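Q: If you read the sequences in order, they're chains G and A. The numbering of the first sequence is my numbering, which starts it at 1 and goes up by one. The numbering of the second sequence is my numbering, which starts it at 139 and goes up by one.
Don't read these hints as lab results, they were simulated from the structure. Note that the coordinates shown come from a computational prediction; the quantities given were computed from them, not determined experimentally. Please note: incorrect hints may appear among the correct ones.
[To be verified] Here are the simulated distance ranges between beta carbons:
no. : chain 1 : residue 1 : chain 2 : residue 2 : range
1   : A       : A206      : G       : V34       : 38 to 48 Å
2   : A       : H294      : G       : V34       : 30 to 40 Å
3   : A       : E454      : G       : E116      : 50 to 60 Å
4   : A       : D405      : G       : A68       : 46 to 56 Å
Heads up, the beta-carbon is just placed ideally off N, CA and C, and yes, glycines get one too.
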Amino acid sequence: MELPRYHRLRGAYYRLEGSACPGCERRFFPPRAVCPSCKTAGLGTVAFSGRGTLYSWSRVVQPPRGFASLAPYDVGMVRLEEGPLVTAQLADTEGVELAIGMPVEMVTRKIRDAEEHGYIVYGYKFRPLLRPGGAGGP
Amino acid sequence: MRDVSIVGVGQTAVAEHWDRSIRDLSVEAIAAARRDAGVERVDALFVGNMLSGELAGQENLATLVADACGLLPIEALKIEAACASGGAALRAACLAVGSGAHDYVLVLGVEKMTDHLTDGVTSALALAADADYEAAHGISFAALNALLMRRYMHEHRARHEEFAPFSVNAHRNAALNPHAMYRTPITVDEFIQSPVVADPINILDSAGICDGAAALLVAPSSEARRARRPPVRVAASVCATDTLGLAERRDPLVWQAVADSARLAYDQAKVKPKDIDLFEIHDAFTIVSALTLEACGFADRGSALKLAAEGRIALEGDIPIGTMGGLKGRGHPVGASGVYQLVECVLQLRGEAGPAQVKGASIGMAQSVGGSGSVAVTHILAT
Ligand SMILES: [Zn+2]
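When you get a sec, could you build the whole thing from the sequences and use the hints?
A: What follows is the structure, encoded as structure tokens:
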């Protein structure tokens, strides 16, 4: 990933920042400028909690270029407790039987192979919360 | 708007054309369409293509094709709408001819994918997804469809093998099409045992990587009698859009752009789903066929698998889909697929589809979908 682009994405990638609409209260991830519901422009920034449940998942066997070192890896769509869905890689899934509806939480991890510029691209992934109420749990 | 007709069609075989370039394929398809029409005049060229920049290192593609075909100095533009590029190119031609800006317009769909290894093509196809929030996370195109498929299986208590009829039907029809890539019928067992791409999607859920070009000559219906072949009317031409990111929809299992474009097309053509004699569906993945049949009003939510299991999608069924093999059986040269669908639909309506002929076909629908249902172009053709 090009460095300026990575820099622009840091709010969303590190803090799971999205947008909140002052007109209709809807919240969005990823961030957007205009509310698709009530058409209010200039939405405010909101950071999501990173807690949610698994909406769907897949194990990618045939990776795109730049992801060979991670393959096979699990990806999912997560329903955040604030409402939005997020598509992301899943982390720490070894030995875990994934299931739709299971609780997950955001973690920050390396999201692709190392690149020529030498910077490692980090971003959000979601890991299963196996012990609700335990360390890191809600 | 003036009434618009398709007066000529042409296509190359869909295959791994190792010895042929994007230029060679384009020239062959265009020459075939012009020969078919028996009309010399061409006023403009619209080229549907998704990946020439990424995979062939070539943009400014429409000018290259116009030059290669000896058509300079006509207006020539590339139309890009991901995998819906082919349908979008006919849409552009309909606007141009319908408005009176041009009379005879060539529509070309072309894609050259097989010069690259699978990881390169996988990355290129992911360009149709959201670059920052899907592709950058290693979410391949197959993975997005796999996420939809698992959710569909969860909500409707379906098993993976229940998607087999879509693939089996596509291969059975492709075996009847001399231009198709996969001319071998497959069994349900072969479907089940096929290698996984992104669980639960396997190779036989997915349309293959290939090369090909297809072309149409479009003219005002009032002029269409001058052509050599019986003209086929464009009764509806509609494009609709939805969010680029799959996760940004209220319900990812509702393909709203597909539904909107089909509904508006039915209104334009003054038909209902039951009037459609054949449907050239965008079956890039089996799950796409299921969601599309539901969005277009051929099946209620959650009942598309039942419709397929009952054989209603076969050539002899009440809603035949992918009659010449579809994307799955014919092959899916992405930006060209939409034009292949239209060529096949025209052949069906002229009664020239050979052993794949749907008896008495007079109204056909062809739908080209880009991204994970984020842009849908629907055409209804009629005799
Ligand atoms: Zn709003």
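Q: None of the hints should be skipped; say for each whether it holds.
A: Hints, verified against the model:
{"no.": "1", "hint": "A:A206 <-> G:V34: 38 to 48 Å", "verdict": "holds (42 Å)"}
{"no.": "2", "hint": "A:H294 <-> G:V34: 30 to 40 Å", "verdict": "holds (34 Å)"}
{"no.": "3", "hint": "A:E454 <-> G:E116: 50 to 60 Å", "verdict": "holds (56 Å)"}
{"no.": "4", "hint": "A:D405 <-> G:A68: 46 to 56 Å", "verdict": "holds (48 Å)"}
In this structure, every one of the numbered hints holds.
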